[in-house]
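Make a model of the complete structure from these sequences and hints.
2 protein chains.
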Amino acid sequence: MKIGIIGLGLIGGSIALKLKEVNNKIIIYGFDQNTDSLDYSLKNNIIDKRFNPDSLIDFDYIFLAIPVESIKKQLKIILDKISKETLVIDLGSTKYQICNSVKTHNNRSNFLAAHPIAGTEFSGPLAAQKDLFNNKVMILCETENTNTSLLLSAIEIFKKLGMTIKTMDSLEHDKHIAYVSHLSHISSFMLGKTVMDKEDDEQTIYDMAGSGFESTVRLAKSSPEMWSSIFIENKKYIIESLEEYILNINNFKKLIEGGDQENLNTEMKKINGIREILKGIK
Amino acid sequence: MKIGIIGLGLIGGSIALKLKEVNNKIIIYGFDQNTDSLDYSLKNNIIDKRFNPDSLIDFDYIFLAIPVESIKKQLKIILDKISKETLVIDLGSTKYQICNSVKTHNNRSNFLAAHPIAGTEFSGPLAAQKDLFNNKVMILCETENTNTSLLLSAIEIFKKLGMTIKTMDSLEHDKHIAYVSHLSHISSFMLGKTVMDKEDDEQTIYDMAGSGFESTVRLAKSSPEMWSSIFIENKKYIIESLEEYILNINNFKKLIEGGDQENLNTEMKKINGIREILKGIK
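Residue numbers (the numbering used here), protein chains in the order written: chain A, 8 to 289; chain B, 8 to 289.
Some hints here could point you the wrong way.
The list treats identical chains as one, so a pair stands whether inside a single copy or across any two.
Lysine to aspartate or glutamate pairs mimicking EDC-like chemistry, simulated, CA-CA at most 16 Å apart [said to hold, decoys possible]:
#, residue 1, residue 2
1, Lys277, Glu179
2, Lys9, Glu92
3, Lys143, Asp46
4, Lys110, Asp204
5, Lys167, Glu264
6, Lys242, Asp267
7, Lys243, Glu163
8, Lys182, Asp214
Think of the hints as simulated: they come from the structure by calculation, not from any bench. Since the model is a prediction, treat every value here as computed from it, not as a measurement.
Put into structure tokens, the structure is as follows:
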């Protein structure tokens, strides 16, 4: 089996590592426009060979593990060139515009829109981990537009990566993910900014910040290029979620200003219900 | 040595556990207005005996590990009753108003204002851990107003808990801590609220939320009573930090609305500098 991976970062690198573990007959071809990432991946046996996306060979699967705006640019070009036996799978964090960009493409049925709910705040092939996808959810969108036998074979691969499969409409995906993922990245980046702007003296942050701050600000270490691309692609729902977030903060601020301990307690007790929800997150 | 602990939650319980480990001659007397917490602490040997704060005995140290508004109420009453040999130590997350409330008290020198930068999102004596304070920072405020020999003996105890000591002006403490701790609690509570309000279907949150969301929303599990008390006590600086936070979010939102990827990248790259700062947090 020949697999091409475009984008050798955290996601692309982790898929490569795991696939090689589950099937040592798989040959992994990798490409990254960052030559350091490509060289590192070859040297460390994350991939077996390099390839040029301009001259594709007869891959069984091509994974696109690049920023979402690049997926939109590359996907059409790649679908133009592939054979009927190849399935192209994108792994971006937004799905509607990507699906929409190829909805009338002749080879639409050779494409599968996927979003692995897995990641860390680190990026690049050094951050790749072979067990990144273990016990994680893979969301597949608009599967009715993918050739059934190619779809089923891809699901087998995701299961080998240790994943559970969920299917979802692409617009629904983008709307929900704005709240449960994209919003938390922005809240974390902005927390980091607010504290850094205020605290010129880094030593003060070291001394006074505990594990709570570290946990809340962790996502502010994430890749700017990846996230700016997502924020713009999913602008509509992200802005909606940000407006609700700001409204909630303003209301909470008013309760603090008014010294309204009773309503602060009531509000926070309700939010404590997140404990039960979080128990479900692996 | 006789030690009284008022408030047998995460902090009070953890101090009790560690003190008993480092010196088995210490007798720990505990009180909590929640009789379940008191009974649990006795039954599980977190404390040795119960005591009534209305009739204090000759303690060497009394720790106040209760919400900050309760500290303000109790501290004066306790200072009225103690002997010259007793040191009362409060462990609240705000310091200025507490220090101010006893600044002219006759026994002011028998009081030490302390803030351990340690905690988890869990509360109550079940959450107590004997190594909670290990390698953590203890901030002491206005130490010039504490009797020197009592102060030095308290520092010895904190070192036995595994802590590093920092001293700070109480107003400076409250200002900085609003940014590096209190703000992150509010951002996390409000993230939890925004997602829960939107996602009626909890299954969607389970399926789509990853470890990033979990990390960012972790503090939304914290105790409402403890935190409403802190938010109101440190209102001035918390509101200042919230206003800056909202301003930053609004500016970031405008960049997203305008599709300004270049400035989004520049902004996030700067914030990525938090990586180096976080390395310093234990």
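Hint by hint, here is what the structure shows:
| no. | hint | in the structure |
| --- | --- | --- |
| 1 | Lys277 / Glu179 | neither (26 Å within a copy, 32 Å between copies) |
| 2 | Lys9 / Glu92 | within (11 Å within a copy, 78 Å between copies) |
| 3 | Lys143 / Asp46 | neither (29 Å within a copy, 41 Å between copies) |
| 4 | Lys110 / Asp204 | neither (45 Å within a copy, 33 Å between copies) |
| 5 | Lys167 / Glu264 | neither (53 Å within a copy, 40 Å between copies) |
| 6 | Lys242 / Asp267 | between (35 Å within a copy, 11 Å between copies) |
| 7 | Lys243 / Glu163 | neither (34 Å within a copy, 57 Å between copies) |
| 8 | Lys182 / Asp214 | between (39 Å within a copy, 14 Å between copies) |
In this structure, the hints that do not hold are numbers 1, 3, 4, 5, 7, in rising order.
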